[in-house]
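Keeping the supplied structure of chain A fixed, place chain B upon it in accordance with the hints.
There are 2 protein chains.
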Amino acid sequence: MSLEIIRKEMLPAIEQALKAAVQPAVGAGQGELNAMLAYHLGWQGEGAMPRAAGKRVRPTLVLLTAWAAGGDWKNALPASAAVELLHNFSLIHDDIQDKSEQRRGRPTLWAKWGVPQAINAGDAMFALAHIALEGLEKTTSAAVYIQAARVLPRTSLQLTQGQHLDLAYEEMAGLDVEAYWPMAWGKTAMLIRACTQLGALAGGASGRILKAYMTFGEKLGLAYQVHDDLLGIWGVEQNIGKSIISDLISGKKSLPVLYALQQKGDFAKRWHNGHIQEADVRDLVNLLEKDGGRTYAREQATKLTGEALDALQAAKPEKEAGKTLAELAEELGRREV
Amino acid sequence: MSLEIIRKEMLPAIEQALKAAVQPAVGAGQGELNAMLAYHLGWQGEGAMPRAAGKRVRPTLVLLTAWAAGGDWKNALPASAAVELLHNFSLIHDDIQDKSEQRRGRPTLWAKWGVPQAINAGDAMFALAHIALEGLEKTTSAAVYIQAARVLPRTSLQLTQGQHLDLAYEEMAGLDVEAYWPMAWGKTAMLIRACTQLGALAGGASGRILKAYMTFGEKLGLAYQVHDDLLGIWGVEQNIGKSIISDLISGKKSLPVLYALQQKGDFAKRWHNGHIQEADVRDLVNLLEKDGGRTYAREQATKLTGEALDALQAAKPEKEAGKTLAELAEELGRREV
Numbered sequence: 296m297s298l299e300i301i302r303k304e305m306l307p308a309i310e311q312a313l314k315a316a317v318q319p320a321v322g323a324g325q326g327e328l329n330a331m332l333a334y335h336l337g338w339q340g341e342g343a344m345p346r347a348a349g350k351r352v353r354p355t356l357v358l359l360t361a362w363a364a365g366g367d368w369k370n371a372l373p374a375s376a377a378v379e380l381l382h383n384f385s386l387i388h389d390d391i392q393d394k395s396e397q398r399r400g401r402p403t404l405w406a407k408w409g410v411p412q413a414i415n416a417g418d419a420m421f422a423l424a425h426i427a428l429e430g431l432e433k434t435t436s437a438a439v440y441i442q443a444a445r446v447l448p449r450t451s452l453q454l455t456q457g458q459h460l461d462l463a464y465e466e467m468a469g470l471d472v473e474a475y476w477p478m479a480w481g482k483t484a485m486l487i488r489a490c491t492q493l494g495a496l497a498g499g500a501s502g503r504i505l506k507a508y509m510t511f512g513e514k515l516g517l518a519y520q521v522h523d524d525l526l527g528i529w530g531v532e533q534n535i536g537k538s539i540i541s542d543l544i545s546g547k548k549s550l551p552v553l554y555a556l557q558q559k560g561d562f563a564k565r566w567h568n569g570h571i572q573e574a575d576v577r578d579l580v581n582l583l584e585k586d587g588g589r590t591y592a593r594e595q596a597t598k599l600t601g602e603a604l605d606a607l608q609a610a611k612p613e614k615e616a617g618k619t620l621a622e623l624a625e626e627l628g629r630r631e632v
Numbered sequence: 296m297s298l299e300i301i302r303k304e305m306l307p308a309i310e311q312a313l314k315a316a317v318q319p320a321v322g323a324g325q326g327e328l329n330a331m332l333a334y335h336l337g338w339q340g341e342g343a344m345p346r347a348a349g350k351r352v353r354p355t356l357v358l359l360t361a362w363a364a365g366g367d368w369k370n371a372l373p374a375s376a377a378v379e380l381l382h383n384f385s386l387i388h389d390d391i392q393d394k395s396e397q398r399r400g401r402p403t404l405w406a407k408w409g410v411p412q413a414i415n416a417g418d419a420m421f422a423l424a425h426i427a428l429e430g431l432e433k434t435t436s437a438a439v440y441i442q443a444a445r446v447l448p449r450t451s452l453q454l455t456q457g458q459h460l461d462l463a464y465e466e467m468a469g470l471d472v473e474a475y476w477p478m479a480w481g482k483t484a485m486l487i488r489a490c491t492q493l494g495a496l497a498g499g500a501s502g503r504i505l506k507a508y509m510t511f512g513e514k515l516g517l518a519y520q521v522h523d524d525l526l527g528i529w530g531v532e533q534n535i536g537k538s539i540i541s542d543l544i545s546g547k548k549s550l551p552v553l554y555a556l557q558q559k560g561d562f563a564k565r566w567h568n569g570h571i572q573e574a575d576v577r578d579l580v581n582l583l584e585k586d587g588g589r590t591y592a593r594e595q596a597t598k599l600t601g602e603a604l605d606a607l608q609a610a611k612p613e614k615e616a617g618k619t620l621a622e623l624a625e626e627l628g629r630r631e632v
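Protein sequences, first through last, are from chains A and B. My numbering puts the first residue of the first sequence at 296, with every later residue one more than the last. My numbering puts the first residue of the second sequence at 296, with every later residue one more than the last.
One chain only, chain A, in its complex shape (with noise of 0.2 Å):
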């Protein structure tokens, strides 16, 4: 009954909420920059709706979060759409950043409009994000809104600080696996902490079960992204919308990467022999499986959820929003590998 509420109830709500959301950003000569906004966020151009909108795990798991919290989900609804914004903003920088030209399976943004009317569009939905949120303070209170707005521009540093490393890593050599953790936390873990934070405080929320939802929400994250990082590299491509290939020759330092490098074997002796190219591709992942990688980062996201779910458990959540949320984290983790 609850996957249905998800489809029949809480999806319809989320787009309608950020649909209101981008309204500010309607105005005269803007045509062109909200038809951006909206190819981005699924709703215009080839492929629109529901592939290239994603799946809106985020909104979903705010709103899930305030009913398990014992509030009303709809409450938490502007929170919802802010927190969507703000993860739709970094995939448009993301982009251009890492070159990637296929999102969801059609031209990212920057392809599309060129690289400065991108970054551009990027900063309006940031933006957008904190308008979103200010919706709260009707469907909540004034307290939980000021308390709800320190959440937002905290998770969008902590998203940069993710990203800088990130990006740094890839010109680093000699990290071992523990230069992994800050960077997912920052990149990945924040963002759905504040999902699960915001849900809470819109369902009345405080205390002790607040920090429980905060806990879930941080390994829920960290899972999320080793397991993406697994499926960087033996996802099956039209499953995921992009390149399989394109984390290995970019030199992104995932996980099951930096493990293996690690272990210093067959692995890392081809992968510090130079630049690797489309060709060089399937033996790297051989070596990648051979030396443990896969494994090692397999065992990592199966501990980080079993984490996640105790933290779900500690928080006491209604039972049926509860029963929800658990098996939303177990489907994140059963994701095609």
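Bear in mind the hints are in silico, worked out from the structure with no lab data behind them.
Which copy? The list can't say, so a pair holds if one copy fits it or any two copies do.
Okay, derived cross-link-like pairs now, DSSO-like style, lysine-lysine, Cα gap no bigger than 30 Å in a straight line: (1) K547 <-> K407; (2) K433 <-> K506; (3) K506 <-> K614; (4) K407 <-> K548; (5) K314 <-> K303.
Relative to chain A, chain B alone:
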């Protein structure tokens, strides 16, 4: 006496507030990101302080307006740091979008650290602006903070709307002089208006007085942009720290250019005659002057400065602070062209 207050008290307090405002960015592995922020703010690297820092016009305007509105200017320090960070975030991204390699007499952030890291550092600065503003809750009240917090992301959104037009206009032919104002309004005037609005809010203003300070900022901001356009063509290179010919070569639709194009005279003929090279600039500047672009822009700047000063009068500012604000407004219009 008031200018001494700016130099001896306000400017040092602004630097202190800015340094506190970037502290949240200090984290494990973030040394290089912090170095980027400190470099852009003019604290580190070649030519650091005072020139590389810029003149801190916007934060000074915040503090003077708070004082003019009858408050203690120190209470407005969080807002002064926030607007300066927002301004610098937009400069970092503008420099990437415009491919500008020099700012304030030294290499821009992207020219030194590359585009991906510079986009990211700009995003970090954007987040820090929002965090800086939170200090207002302590120096004023929760109600004033909530009002102020609404201003910041709306101003950011308007910045991106102005920047969107600026970038789009580079490729557009047949624009008339009216196309200029929404661009200048978003790109420049809204941030200057945010300075006087936030300052006035922190100083305790409301209703018609608050509105008058906002009009003061808006008109001053428009005058400032027109003047900047004049400087971009007739300024002296060493005074503005960037190439004076780049605005004409890049095809920027500045006010003198839009006015002269509308005259459909010799300037327009040469402009439409194909890509402008460095060797053509001297001739083009002469045609621009002949077709009235310089005179028209100067008249507009004078008119707008007058309207700004009228609005300032209507706000009934505290005597000493009001005099200083008026001096500042006139000084901005006297920058060498």
